[in-house]
Amino acid sequence: MSTILRAENISKSYLTKKALTNISFQLDSGRILGLMGPNGSGKTTLLKILAGLLQPSGGQAFVCDRPIGTESKKIVSFLPDRNVMYPSMRAKDAIGFYADFFEDFDKDKAYNMLKDMKLEANETVKSMSKGMVEKLNLILTFSRNSKLYILDEPLGGVDPVARERIISTIIKTYSEDSSIIISTHLVNDVESIFDDVCFIGNGEIILQGSADELRSSRGKSIDQIYVQLFANE
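Residues 1 to 233, numbered by this note's numbering, are exactly what the sequence shown covers, in order.
Among the hints, a few may not be true.
[Said to hold, decoys possible] Per label pair, the in silico range of CB-to-CB distance:
1) A231 x D93: 43 to 49 Å
2) G58 x T124: 41 to 47 Å
3) K109 x G156: 22 to 28 Å
4) F62 x Q224: 32 to 38 Å
[Unchecked claim] Straight-line distance between alpha carbons at most 30 Å, and here's what the computed BS3-like set of lysine-lysine pairs gives:
5) K130 x K109
6) K74 x K107
7) K74 x K118
8) K17 x K73
9) K73 x K172
10) K107 x K92
11) K109 x K126
12) K17 x K48
13) K130 x K172
14) K107 x K48
15) K73 x K107
16) K172 x K107
17) K130 x K73
18) K172 x K109
19) K48 x K74
20) K107 x K118
21) K109 x K92
22) K172 x K92
23) K73 x K126
24) K74 x K92
25) K73 x K92
26) K130 x K118
27) K172 x K74
28) K126 x K172
Please keep in mind that the hints were generated in silico from the structure rather than gathered at the bench. Predicted model only: the values in this text are computed from it and were never measured. Here a beta-carbon is modelled for each residue, glycine too, at the ideal position from N, C-alpha and C.
Generate coordinates for the entire structure from the input sequences, incorporating the hints supplied.
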């Protein structure tokens, strides 16, 4: 087991507003981390920093000992919380776009996942349902041979059947020498796949640790712990 991600005292401020304060944690290979917190807690800001899309105001992070930046982006695959494909793109156009942009993109894997997800290669993004677009973006993210996969609300707004298929895809497609961070509000739907959890509130870590150990020590599910921590938010 090796360390994939190491975050050390990550902070982020916008003028007078603090978005993150001294965020520190470590994620080892073969682990899935659930990142949870209410809206405005700083989850997306943290994920964008780890993906190299935002600069922290303080602290630092490393992916496979590479500082966040140009080099780390080569081994980090990021799924944002909104669609990034042009509406006129067909699924196969999106696959071609990613293949041109990322050296580690596996087109064969993408087309196999497209088939598994029951998506048509010639269908345009604008003609797809929200769930279909979510699945396409997940395919693009997981078709890279990355060390760290960062998923920001991958289940948002999709129906229960699509959620099950997406969760199944997450389980099947990552390898033991990589790791995944999943930010979600739908804790009950996805907590079964979490190895580790991190709860963030007001830009600070409220609680973190092994999912199984927290369930055992508190006698509650991860969803129940979430509700207990943020009941007054």
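Quick rundown of the hints versus the structure:
The beta-carbon spacing between A231 and D93, approximately 45 Å, falls within the hinted interval of 43 to 49 Å. Here the CB-CB span from G58 to T124 is close to 43 Å, well matched to the stated 41 to 47 Å. Range check, K109 to G156: about 24 Å between beta-carbon atoms, so the 22 to 28 Å window is met. In this structure the supplied range 32 to 38 Å holds for F62 paired with Q224, their Cβ-Cβ distance being about 33 Å.
Taken as a hint, the K130 and K109 pair is honoured in the structure, with Cα atoms around 22 Å apart against an allowance of 30 Å. Restraint check for K74 and K107: satisfied, since their Cα atoms lie roughly 17 Å apart, inside the 30 Å limit. Pair hint K74 plus K118 holds up; C-alpha atoms about 29 Å apart against a cutoff of 30 Å. Straight-line distance between C-alpha atoms of K17 and K73 comes to about 27 Å, which keeps the hinted pair within the 30 Å bound.
About 23 Å separates the Cα atoms of K73 and K172, which keeps this hinted pair within 30 Å; it holds. At roughly 10 Å between alpha-carbon atoms, K107 and K92 fall within 30 Å of each other, so this suggested pair holds. Annotation: proposed proximity of K109 to K126 holds, straight-line Cα distance about 23 Å (limit 30 Å). At roughly 17 Å between alpha-carbon atoms, K17 and K48 fall within 30 Å of each other, so this suggested pair holds.
Straight-line distance between C-alpha atoms of K130 and K172 comes to about 22 Å, which keeps the hinted pair within the 30 Å bound. At most 30 Å may separate the alpha-carbon atoms for a hinted pair to count; K107 and K48 meet this at roughly 25 Å. With a C-alpha separation of about 19 Å, the suggested pair K73 and K107 falls inside the 30 Å cut-off, and the hint holds. Proximity of K172 to K107 is assessed by CA-CA distance (about 17 Å); at most 30 Å being required, the pair is judged to hold.
In summary, the hint linking K130 to K73 is supported, as the alpha carbons are separated by about 27 Å, within the 30 Å threshold. Our distance criterion of 30 Å between C-alpha atoms is met by K172 and K109, whose separation comes to about 12 Å. Annotation: proposed proximity of K48 to K74 holds, straight-line Cα distance about 15 Å (limit 30 Å). A hinted pair counts as satisfied when its Cα atoms are at most 30 Å apart, and K107 with K118 qualifies at roughly 16 Å.
With a C-alpha separation of about 13 Å, the suggested pair K109 and K92 falls inside the 30 Å cut-off, and the hint holds. Taken as a hint, the K172 and K92 pair is honoured in the structure, with Cα atoms around 22 Å apart against an allowance of 30 Å. The straight-line distance between the Cα atoms of K73 and K126 is roughly 28 Å, inside the 30 Å bound, and the hint therefore holds. Pair hint K74 plus K92 holds up; C-alpha atoms about 22 Å apart against a cutoff of 30 Å.
Pair hint K73 plus K92 holds up; C-alpha atoms about 24 Å apart against a cutoff of 30 Å. Straight-line distance between C-alpha atoms of K130 and K118 comes to about 14 Å, which keeps the hinted pair within the 30 Å bound. Proposed proximity of K172 and K74 is supported: the alpha carbons are some 22 Å apart, at most 30 Å. Restraint check for K126 and K172: the C-alpha separation of about 28 Å stays at or below 30 Å, so the hint holds.
No hint from the list above goes unmet by this structure.
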